[in-house]
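**Q** Okay, here's what each chain looks like letter by letter:
2 protein chains.
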Amino acid sequence: MIFASAPMHLKTCSLLATLCIVPAAYAQGVVDIGSYGAKPGSGADATPAVRAALDACRQSRAAKLVFSAGQYDFWPTHASEKYLFVSNNDEGLKRIVFDLTGFNGLEIDGRGARFVFHRGVNPFLLDHARNITIRNLSLDWKRTFHSEAKIVAVGKDTVDLAISEAYPFKLENGLLIFTGEDKEVVAFQNVLEFDPVKRETAYMARDYRTGLNLQATEIGPRLVRVRIPKFEGTPGNILVFGASRRDFSAFTVTDSENFKLLSVNIYHCGGMGVIAQRSRDIELDQVRVTPSPGSGRVVSITADATHFVNCSGRIVMTNCLFENQKDDATNIHGIYAQVSAMLPDGELEVKLVHPQQRGFDFLAPGMKVELVHGPSMITYAEAVVRSAERRNSEYTRIRLTTPLPGALKIGDAVAAAGPYPEVVIRNCTIRGNRARGLLLGSRGKILIEDNTFHTAGAAILLEGDARYWFEQAGVRDLVIRRNRFEDCNYGVWGKAVIEVAAGIDSKERTGNGYNRNIVVEENLFRQFDTNPIVSAYCVDGLKVRKNRIEKSTAYPARNPGAKPFEISDSVNVQIEQD
Amino acid sequence: MIFASAPMHLKTCSLLATLCIVPAAYAQGVVDIGSYGAKPGSGADATPAVRAALDACRQSRAAKLVFSAGQYDFWPTHASEKYLFVSNNDEGLKRIVFDLTGFNGLEIDGRGARFVFHRGVNPFLLDHARNITIRNLSLDWKRTFHSEAKIVAVGKDTVDLAISEAYPFKLENGLLIFTGEDKEVVAFQNVLEFDPVKRETAYMARDYRTGLNLQATEIGPRLVRVRIPKFEGTPGNILVFGASRRDFSAFTVTDSENFKLLSVNIYHCGGMGVIAQRSRDIELDQVRVTPSPGSGRVVSITADATHFVNCSGRIVMTNCLFENQKDDATNIHGIYAQVSAMLPDGELEVKLVHPQQRGFDFLAPGMKVELVHGPSMITYAEAVVRSAERRNSEYTRIRLTTPLPGALKIGDAVAAAGPYPEVVIRNCTIRGNRARGLLLGSRGKILIEDNTFHTAGAAILLEGDARYWFEQAGVRDLVIRRNRFEDCNYGVWGKAVIEVAAGIDSKERTGNGYNRNIVVEENLFRQFDTNPIVSAYCVDGLKVRKNRIEKSTAYPARNPGAKPFEISDSVNVQIEQD
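For the protein sequence lines, the chains are A and B, in the order given.
Counting along the first sequence from 1, when you hit position 528 you're at 528 in this note's numbering, and nothing is skipped either side.
Counting along the second sequence from 1, when you hit position 78 you're at 78 in this note's numbering, and nothing is skipped either side.
Calculated from the structure, these hints are not laboratory results.
Quick reminder that beta carbons are idealized off the backbone N, C-alpha and C, glycines included.
Incorrect hints may appear among the rest.
To be verified - Label pairs and their computed distance ranges (CB to CB):
no., chain 1, residue 1, chain 2, residue 2, range
1, A, Asp345, B, Ala44, 16 to 24 Å
2, B, Lys409, A, Lys170, 35 to 43 Å
3, A, Asp505, B, Pro235, 36 to 44 Å
4, B, Glu232, A, Pro235, 22 to 30 Å
5, B, Lys409, A, Tyr468, 53 to 61 Å
6, B, Gly41, A, Asp345, 22 to 30 Å
7, A, Gly418, B, Ala44, 55 to 63 Å
8, A, Glu347, B, Pro235, 24 to 32 Å
9, A, Lys183, B, Pro235, 35 to 43 Å
10, A, Pro355, B, Arg484, 21 to 29 Å
11, A, Ala341, B, Glu165, 14 to 22 Å
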């Protein structure tokens, strides 16, 4: 962490030592939020104080902004505003409490503060920010972006729900509508069953995509009968109504570098815990994504705990807890833009196909790109961008410094040809969340070490495709070492504890080493089932050695015929079985 | 209209006369869209051609862009994109076909072209544009932003509707959902009954605010029974489902000057026909807002035909037809920002209260403002803005060049103290639309002359308030002369043919001349009822003279006891009755 040098006016003062009094707050470049009117526990909106304090930090080039233990509340009303295109989240004009755009060298120390947000607001934005550290605080929301209800009874195509005061709702036009602090609609578009005793998704529970409307009737005080065709579930379990959008991630990092997030609890947000795009050098230590203590919630945050798109440098996560979030613990990947037209004079038009990738401007003059065949994902050429013209948030026109390869055709993909991030994930615990653990799609060196996994889907998934999600992946050096995999894959989101897949057309798999050089060693796999330990295809270089496999009885068997290792269309494979 | 001078490179050519060939299209500064690949009647997306042609116009400083007779189609796919805050419309990231941002001196001549738009797209944006003329074209949409259905039967709390193929729909979760060309939801939030024979809102029909959802069941092929509590309506009439948002006005004009719109038919759009804000010198001649011929629609466009906010210079509308639009023919007003906080050091925080005024940044250094008492709307001081800092789209902080007046308190309003536009509306026809004719709120000279009105609400309304809509108004010199008012006020949106009102607290009306110097002379009022011809309060200076009042039997009487002139809390009033 490189802190900014002392404020300019302090340097001036030092020349005049005896003539001027240096304000105490500035003496060491420390700004106290208390000086700007924010009092912990007051229940007042601390947002204007934060904006004033950040202005002061910017002007005085302060090194540190500090809070006190206690609760600070934040509303969107007076927050700053910016239109944000954030990959894998929903775009929009967002309100932001801590807008750190352009900051270089600032530490925010919560000193144990608890930040409670109200309604739709983004806690932290790092946009073209450098050398930022945030530590010692927790984030929560007064009213969550998801809703939870207890299953009381299950009928034919119906489920009866008891809904606590924490999740206000109304019935209108025969529909169930959850509401927020100001009676605003808290929209959902799917439901998923959780087991409140095990604190995880119910065994083999699946997502029901409900759309924004569910028919419902009142059957008692805070008791509602909801119509969900073919619903299966268990009384006593919790039905979670998933947020319809991802608008309010806790930490949004874009085009930034050297961000450290240390000892921070993310109890809730309406999106991802940390989403970083086109950024480098990000470190998380002792970040805990977990339901707010005492809240009784089974869900922490409404999407992935962390997510990194087209990042570089080093991504390091150590000593973290990622539990009960509504999506993966991490997903590290690039983005494929699809070639949508070949224009005269060698100009290419490319499209960002997935709606949550719109506005992701990653193509810039001087950048090295790979040209990829869509169905096989084989890179058949590399080139350098000469010019890039954004046409709108979906379409960009580019020219390359060299003639277009003859192989290029519409439907192919263009992605960054590095730099790719080096990744270390060590001593983290991942459990109880929906879907998978780690989605690893960097071509840099990746080390996954000494972690504990208990995930409903695959604990580790290698994916990537240029036809559906348009996520660039394909590892080159991945070591998975000394981890504990404890009864993973008890849900519907995976077919193995470690799953190496990719959206490669079945006709294109032979000899296709999309993922390369994977080592799986010295891990413990404790499994209730004979689910595959490793399932893989299209790998060039896979070593599985010195792992221990234990049998448990934690869940009913779900896949009795499966072999522990299912490998196809791969070369240079060495598997040692105990 | 001032055209730009000849393109720079042509000047260079002229020096080298015999050495270079001047392209024919550029010879007179004329760009033909056909040179950019757009062919009328092809059914292809002409948007890329328009963008390329506009780029060429910009680069060559062409004076004119021309089309041919025939149909051009436009989709949002390849349109340019901009986040637009447009007063009295809904903000958002919009796609724009003709983005004329920054243009100075361009004429677009459709030469009789018919522009057909598809899905959500903005036809024309003038942003910081000067000296623009658009003429000889028509605008329509393939699928409208509103929906129409024929009332087949009316039951208790239900209405049975026959819905034609022009308005695709589905029933989902027991709800009626209208859909568009790509199956996208075409959202409504109100319904209103129209008389398809008279081609106007049904006698005394009112808006039903339905919200986004209406319960419905299928009762036959394209026959739907919809539940609307207490619905009253007449079989054979048309029920219009009003668009839920105003996102796609035909002509959006912001911070621009000298715009002429000549001989243009606006058959449809999802917003206003012409919305202009912070702009000056706007002329409309032979602009026709009317349902697309042959479409069978009872509604033309989904909001006001025209609307002018904080404009100045001259607003001239001559020989126009404004019919069947879902809101007023025009509304000319300013905006009041509400004083929300008094900060230390004399700083004021003001708020744009109405959600459709957000982002309307009208306060700028050097600007003269009036300070207004909210409940009375009395201007108690004028001042000059020294600095303005936008905090977000709702809040702005300002400093004045002089100390704050002692009278100033939270809840007061701040608005521009001029310049106000001079307005001429002459020889226009206004009929069949929902709500009112002309809302006049400029303090410049206003002349309303030789027009024909047949409006469901007041033909002319003077409004303004600083508590609900926050629209600054208050005329100073208004002449209403030689117009024909033909059976106005047959609906629920007014209490007189000419209504002079304002959101002034009843305790603040005595001596409050919010509107001043109004002359109503030589008009013909043909009325089916003894509705007031003129209703007014808080006027200083009203002369009514030489008007003719005729009795008609066009509608049942609705207000038998009313007097033709109801004037209160006013001074300097002269009324001559025949």
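**Q** Work down the list of hints and note, for each, if the structure agrees.
**A** Hints, one by one, checked against the model:
1. A:Asp345 <-> B:Ala44: 16 to 24 Å: Given a distance of about 21 Å, which is inside 16 to 24 Å, the answer is holds.
2. B:Lys409 <-> A:Lys170: 35 to 43 Å: At roughly 37 Å between Cβ atoms, Lys170 of chain A and Lys409 of chain B fall inside 35 to 43 Å, so the hint holds.
3. A:Asp505 <-> B:Pro235: 36 to 44 Å: Given range 36 to 44 Å: violated, Cβ gap about 57 Å.
4. B:Glu232 <-> A:Pro235: 22 to 30 Å: 46 Å, violated
5. B:Lys409 <-> A:Tyr468: 53 to 61 Å: 59 Å, holds
6. B:Gly41 <-> A:Asp345: 22 to 30 Å: 28 Å, holds
7. A:Gly418 <-> B:Ala44: 55 to 63 Å: 39 Å, violated
8. A:Glu347 <-> B:Pro235: 24 to 32 Å: 59 Å, violated
9. A:Lys183 <-> B:Pro235: 35 to 43 Å: Given about 37 Å between the Cβ atoms, the range holds.
10. A:Pro355 <-> B:Arg484: 21 to 29 Å: 52 Å, violated
11. A:Ala341 <-> B:Glu165: 14 to 22 Å: 33 Å, violated
Violated hints, listed in ascending order, are 3, 4, 7, 8, 10, 11; each of the other numbered hints is respected by the structure.
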